[in-house]
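Undergrad: Spelled out, the chains give:
Number of protein chains: 2
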Amino acid sequence: MGQNFFKRDDRDIKFVLREQLGIERLLDFDVYAGFTLEDFDMILDQAQKIAANDIAPTFQDGDRQGCRFDQGKVAVPDSFHRAWDVFREGGWFALAMKPDYGGQGLPLIIAEAVSEFFMSANFAFACFAGMGPGNGSMIESYGSQALKDLFCAKMYNGTWCGSMCLTETAVGSDAHMVSTKALPDGPYYKIQGTKIFITSGEHDLTENIIHLVIARIEGAPAGAKGVSLFAVPKIWVNEDGSLGEPNDAVCIGIEHKMGLNGSATCVMNFGENGQCRGYLVGEAGMGLAYMFQMVNGARMAVGLESVAFGANIYANVLSYAKERVQGTPFGKGGERVRIVEHADVRRMLMNLKSLTEGMRALVYKTYFMEDLAKNSLDEGERKKAKGRLELFTPLVKAYCSDRIFEMGREGIQILGGYGFTKEYPVEQYARDCKIFSIWDGTNFIQSADLVGRKLNMAGGAVFRDWVAEITAFSLDNKTEKAFARELEILDEALQTVAGLALDYARYLGEGKLDLIPLTSTRFLDCAAEVAIAHLLLEQGLIALAKLDDGTCDAAKRNFYQGKVETVRYYCRNFLPQVFGRARIIRMEDTTATQIPESCL
Amino acid sequence: MGQNFFKRDDRDIKFVLREQLGIERLLDFDVYAGFTLEDFDMILDQAQKIAANDIAPTFQDGDRQGCRFDQGKVAVPDSFHRAWDVFREGGWFALAMKPDYGGQGLPLIIAEAVSEFFMSANFAFACFAGMGPGNGSMIESYGSQALKDLFCAKMYNGTWCGSMCLTETAVGSDAHMVSTKALPDGPYYKIQGTKIFITSGEHDLTENIIHLVIARIEGAPAGAKGVSLFAVPKIWVNEDGSLGEPNDAVCIGIEHKMGLNGSATCVMNFGENGQCRGYLVGEAGMGLAYMFQMVNGARMAVGLESVAFGANIYANVLSYAKERVQGTPFGKGGERVRIVEHADVRRMLMNLKSLTEGMRALVYKTYFMEDLAKNSLDEGERKKAKGRLELFTPLVKAYCSDRIFEMGREGIQILGGYGFTKEYPVEQYARDCKIFSIWDGTNFIQSADLVGRKLNMAGGAVFRDWVAEITAFSLDNKTEKAFARELEILDEALQTVAGLALDYARYLGEGKLDLIPLTSTRFLDCAAEVAIAHLLLEQGLIALAKLDDGTCDAAKRNFYQGKVETVRYYCRNFLPQVFGRARIIRMEDTTATQIPESCL
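Chains as they are written, first to last, in my numbering: chain A, 120 to 719; chain B, 120 to 719.
Some clues are possibly wrong.
[To be verified] Here are a few chain B residues that face chain A, going by a calculated C-beta distance under 10 Å: (1) Glu326; (2) Lys441; (3) Gly538; (4) Ala567; (5) Leu574; (6) Gly578; (7) Thr710; (8) Gln713; (9) Cys718.
[Claimed, not checked] No farther apart than 16 Å at their CA atoms in a straight line, the calculated lysine to aspartate or glutamate pairs in the EDC-like style are these: (10) A:Lys451 <-> B:Asp147; (11) B:Lys451 <-> A:Glu657; (12) A:Lys600 <-> A:Glu657.
[As the list claims (entries may be wrong)] Restraint ranges, calculated between C-beta atoms of paired labels, are given here: (13) A:Asp293 <-> B:Glu157: 49 to 57 Å; (14) B:Lys451 <-> A:Asp189: 27 to 35 Å; (15) B:Gln122 <-> A:Lys192: 53 to 61 Å; (16) B:Gly669 <-> A:Phe411: 35 to 43 Å; (17) A:Glu607 <-> B:Gly372: 52 to 60 Å; (18) A:Arg705 <-> B:Pro218: 51 to 59 Å; (19) B:Arg676 <-> A:Arg705: 28 to 36 Å; (20) A:Lys675 <-> B:Thr709: 50 to 58 Å; (21) A:Lys168 <-> B:Val444: 28 to 36 Å; (22) A:Thr709 <-> B:Arg676: 31 to 39 Å; (23) B:Ala624 <-> A:Glu542: 51 to 59 Å.
The hints are simulated quantities; they were obtained by calculation from the structure and are not laboratory data.
Where is the CB? At the ideal position from N, CA and C, for every residue including glycine.
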């Protein structure tokens, strides 16, 4: 077992759930009628304990021992086996899945809050744990009754695991170009092809793995409509649920990576000996459409992973900064002080704190929208929530994943020379997180999705609705002196983002197509900062009210006062970046596309 | 041997040396009278070949095999031994040192251009190679004749190596607080103490290592004035130069790090058995002052390391982008294209290209100032060059080291999923470089040096002189239509930086001390971007003139046209960041220092 670096707490999670989002509303929905707020608290508390006591000690093992490949088999770090047992015993795999196959039926946002603890503790382990229920829910959504009965229960309770097999050597971002073949073979399909970058494609945590494989049925049309989804067990499953023969689905190697070494990233050969059988899931030709359910979930998860890393980076470096004595305060001289007293260290700590809380505000709000979109009793609210979910998903994915890499830098910097060593966990988080900006659609793809599709959803109404909501929020609170300056900045930043969105419409009209991909990543960051500042200011107002009502004990006062300052810090140090980026975007510089390739 | 990733070229280096800086001037100085420009070219060409053929193949070994510690001994990666032999045979160690002890007597800027190739090829190896001559030149500068005769020649030719022993467990940035003791012992001193983070403190490349150790002579005054410098051989050196007994200077462990695993970072015990002897170097109490010669050199080297990494990251990802086919151009559809044709990839490539060339412009200019400061025949020029060197050193160190980490991110992003794997070199550069923002004075310390000391050198004349030079440059070129917009931005950015400098004077006057360390890192980036944009525009004007004179062949036209576009790109995409940062600085936000520690 490695060192236990789990130092984060749950205070801000509970604040967001209870005081900002008001999750008690969820109890009104039939599907959640069996729960109470106390149940949610108990589950969160228990998850935090397990994360701290059972999962976090495997964090370093993931990196140091890593996954080892030998002759088609992948051995996970030894300590992961015991953590898996803990998950099985506690039923932690399928929290948000419906109870039909053993899911816990919890609201999505509670399940994801639980995940935040586990992702802080050891995300490589969480990668394994998430795949079974993730794939199982795809089968539950789209598979036949027979498939559901055959697979879901065991995928929801950790008996079997899953993997999502999409990418091929020549096919990363072009999912519709896959060349893996499926040939009808009675009730099954023979699958043949090689998939790469397959997370959890092979390992020794479970007796079986149900791969979901994207392939093209022989004779299917070219492009996206010819692509179908198949369930391909590693070990064939007999009709009675018992295990049969190995299914010619073999791992031929794992990647050696910058980080996340505890998660097996596999090259998978399907049907090398012509003996790989799979089940069609749902309708032929719908593979990519189905897959997008999972991809959207994965994009949201990237945001949560970033929050989870940020929370524990912050907790670790704060604890270091409170103890490490070095240097005298700038310009003041005197005795050496703990580095938490240095202005520049404070600045970096506040970067970490405000980004972590800001990203959490965005991610949790968006998950809450997903719950409302599915379960609200009001059709208008469902529709609005769905639009907001779709609008925010690229912000969640790209903004958070780019920030967490910068936060790794900041955390390492606070630790000084020690930050570069493996004695502290931050360098591992910084390495582990680097894949977040790439997988599940690169961050550029997120920005193209935002500008090219999301801004224009429902004729632009979803975007306009969001702008109107923030405008109203600013108006409603314009007498709030404690945040007068922040609300001014928010308003100006919102107008800037709205103006840039109009510019994009103009670029399209004027045929200035290059300007969109040349600037869309910057625009996405601007939109995300406005969204986050708005949500943080909501939090700030709640905190102010609590401070005013005079009932807070010291711990609560510290939290609320810290929240007020954190909101201010974000609005003054991150939100104004919108203006600098907008100035650069508005230069409409096309040097990058105009320079001849021979001059590069 | 690992894979050879050396893909970079030398075109921009030669352009900067010959066409921008005009290094032929150096031939007028007596110390360089024995050289010709052809000599410099030959040396650069030969260095590039050795870097590509002999050093680059050891790049991956440094990371994969790494340094191994066992019972006080450190084994370097196997392939480093042969590379060391190549260096010894070619006399590549002490290029800029005077010939008295076997140095090559080259101008500093030529020696550093050579280093850029070696740092691209394998910086971990370069860390070992640089320590002997680095320490030797300290002894040559400050040691007695006897010490020089005893040590320098063998440190300059790779027979012996060196290490710089400064940091202690409780002493990172507070160098004056060292607790290592030195007790007079006849002509020697007995040394006792433990030093950490000692680069090249122990290894098996050379038969001996001459440590330079910062220690406090018993009874010396507290603080900086009590600190002295000692030469402490690993193996005692007899008066005739032969090796004697081991000197009780023992490595007790090496760090396990995020990167740079081929460079041994040692914990060193001096005098654990009371048997460690050392020589006082120079005068007692002058240790820190002497050390700063080396620290300033190391700060400059950080800039060069960043350029070296950037050049080879760019070359590798450009070559990938020209081959990898993926996706159709945004909004245009049609066939899939090589990713170099995608606007967003182009943008990232131009980020890498313009930052690499921009950082090189700054670093080489500053090295050239160092040459002029030492050797110009004109006292006024020497003085001015020295001021500029001192003003620019923190910009070189901090701006370049922060950018190279971001450039690692950008390079990985261009490679997509492959960028996260060890199949490509970028992830290793991204890990290796993370120490640059920390060692030799953290980047905050650089910014405090800039604002707290350098802006006010000579009553502010050095800074004003730089501002005046750029103002004159803008005026001189205001009719240059090809860069009209860029010159406008430069002028506005320069005024902004000059204004911020005045604000700092005001903060001091008004006692708003916290505002300085809260904003100085941002200010440093602003100043660096103005300095770089100015130097790049100088380059752009040279390139325009060459394009106009009609004598260029196709390769030259490509280079010069590429240069013009690169200058434009930097001025439109990096330089305007000054305005966004300035707006944030001018908010004068002190939330980070005002928030009570209990609220963090």
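Undergrad: Decide, hint by hint, whether the structure agrees.
TA: Outcome of the hint check:
1. Checking glutamate 326 (chain B) against chain A: minimum C-beta separation of about 29 Å lies over 10 Å; hint violated.
2. For lysine 441 (chain B), the shortest C-beta to C-beta distance to chain A is roughly 7 Å, which falls under 10 Å, so the interface hint holds.
3. The interface hint given for glycine 538 (chain B) holds, since its Cβ lies 7 Å from the closest Cβ of chain A, which is under the 10 Å cut-off.
4. Because the closest C-beta pair between alanine 567 (chain B) and chain A is about 6 Å apart, less than 10 Å, the hint holds.
5. About 14 Å separates the beta-carbon of leucine 574 (chain B) from the nearest beta-carbon of chain A, more than 10 Å, and the hint is not met.
6. Because the closest C-beta pair between glycine 578 (chain B) and chain A is about 19 Å apart, greater than 10 Å, the hint is violated.
7. Restraint check, threonine 710 (chain B) versus chain A: the minimum CB separation of about 4 Å is within 10 Å; hint holds.
8. Because the beta carbon of glutamine 713 (chain B) sits about 7 Å from the nearest beta carbon in chain A, less than 10 Å, this interface hint is met.
9. Below 10 Å, beta-carbon pairs count as interface contacts, and cysteine 718 (chain B) has one with chain A at about 3 Å; its hint therefore holds.
10. Between the alpha carbons of lysine 451 (chain A) and aspartate 147 (chain B) the distance comes to roughly 48 Å, so the proposed pair goes past 16 Å and is violated.
11. Taking the CA atoms of lysine 451 (chain B) and glutamate 657 (chain A), the gap is near 41 Å; set against the 16 Å cutoff, the hint is violated.
12. Restraint check for lysine 600 (chain A) and glutamate 657 (chain A): satisfied, since their Cα atoms lie roughly 14 Å apart, inside the 16 Å limit.
13. Taking the beta carbon of each, aspartate 293 (chain A) and glutamate 157 (chain B) are about 51 Å apart, inside 49 to 57 Å as hinted.
14. Separation of lysine 451 (chain B) from aspartate 189 (chain A) is about 47 Å and departs from the stated range, judged on CB atoms against 27 to 35 Å.
15. Under the hint 53 to 61 Å, the C-beta atoms of glutamine 122 (chain B) and lysine 192 (chain A), about 27 Å apart, miss the expected range.
16. Restraint check, glycine 669 (chain B) to phenylalanine 411 (chain A): a C-beta distance of roughly 56 Å breaks the suggested window 35 to 43 Å.
17. At about 55 Å, the beta-carbon gap between glutamate 607 (chain A) and glycine 372 (chain B) stays in the expected band of 52 to 60 Å.
18. Restraint check, arginine 705 (chain A) to proline 218 (chain B): a C-beta distance of roughly 57 Å satisfies the suggested window 51 to 59 Å.
19. A hinted range of 28 to 36 Å for the beta carbons of arginine 676 (chain B) and arginine 705 (chain A) is consistent with their spacing of about 32 Å.
20. Checked against the hint of 50 to 58 Å, the pair lysine 675 (chain A) and threonine 709 (chain B) fails, with Cβ atoms roughly 24 Å apart.
21. Taking 28 to 36 Å as the suggested C-beta distance range, the pair lysine 168 (chain A) and valine 444 (chain B) does not conform, at roughly 50 Å.
22. At roughly 21 Å, the beta-carbon separation of threonine 709 (chain A) and arginine 676 (chain B) lies outside the given 31 to 39 Å, and the hint is violated.
23. Separated by about 42 Å at the C-beta atoms, alanine 624 (chain B) and glutamate 542 (chain A) break the suggested range of 51 to 59 Å.
In the structure shown, a violation is registered for the earlier hints numbered 1, 5, 6, 10, 11, 14, 15, 16, 20, 21, 22, 23, in ascending order.
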